[in-house]
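*Asks:* When we follow the numbering used here, the leftmost residue of the sequence shown carries the number -17, and every step to the right adds one.
No wet-lab data here; the hints were simulated from the structure.
Here a beta-carbon is modelled for each residue, glycine too, at the ideal position from N, C-alpha and C.
Fair warning: there could be bad hints in the mix.
Said to hold, decoys possible - Estimated spans, in silico, between C-beta atoms of each pair: (1) S172 x E45: 37 to 45 angstroms; (2) E38 x D93: 21 to 29 angstroms; (3) A147 x R77: 39 to 47 angstroms; (4) E72 x P206: 39 to 47 angstroms; (5) R35 x G94: 21 to 29 angstroms.
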Amino acid sequence: MGKGLRPALENNFMSEKYLTGKVALVTGASRGLGKAIAVALAREGAAIAAVARSEEALKETLEAIRAAGGTAEPFAGDVSDNAAMDALVEKVTARFEHIDVLVNNAGVTRDGLLARMTSEAWDTVINTNLKGAFNLTRPVGRLMVRQRAGRIVNISSVIGLMGNAGQANYAASKAGLIGFSKSVAREFASRGITCNVVCPGFIETDMTKELNADMRTKLMERIPLQRFGQAEDIAGVVAFLCSPAASYITGQILTVDGGMVM
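Working from the sequences, and respecting the hints, build out all of it.
*Replies:* Right, here's the structure in full:
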């Protein structure tokens, strides 16, 4: 248990269920990208520690994983709370003994023009999207250092690369996550731990479904592939980064956006 993810030389590309025996902690796992990522990693054999603000919110995710024959347990907590995340990691290790994969996906938006943005809106987004990644990467990273292996994947956004009017707080949090990830990658590389970033473009989630027809049309004009992405498009990239095929990839930004910011 907890022997790491380094592939043997005889492995060609990806072995079947390459995460068998591994444990993946996924935040924001109750819906959207987090749910899809948790299900994708479970399909590759990982036991999933699914994290959300409440265990009840994780019901559908757990059902989807277990229906497919996977293993998953719910863990409730606010990622912006440092002490709560330290305690949560202890609970996960008490249940599973080790953590091999960490996906920092939890995120919120509090959109508004900067001139009218409140300090509360700024702090809520920064504390969840950026500080939340720190709050989990530090304790999980310590475990991975002792194991001398691990995979960390942080979910940023194309907004962190190009900015967006009305989303200064969100853009700052997602851009900060990129710099954070590169630093983590450099610090942990000698211990066999990789850290990479996935930057989704506009993905069909509960948030994008709220966009009106005019806004959707304008966004589509900026996407060369002429469609919004699906949560599974992101989940597949995360699963790849956790696979033996990605053992030599670290500190990288993978933009999954239909070509929008090429």
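*Asks:* It remains to establish, for every hint, whether it holds in the given structure.
*Replies:* Verification of the hints:
| no. | hint | in the structure |
| --- | --- | --- |
| 1 | S172 x E45: 37 to 45 angstroms | holds (40 angstroms) |
| 2 | E38 x D93: 21 to 29 angstroms | holds (27 angstroms) |
| 3 | A147 x R77: 39 to 47 angstroms | holds (44 angstroms) |
| 4 | E72 x P206: 39 to 47 angstroms | holds (46 angstroms) |
| 5 | R35 x G94: 21 to 29 angstroms | holds (22 angstroms) |
Going through the hint list in order, the structure satisfies each hint without exception.
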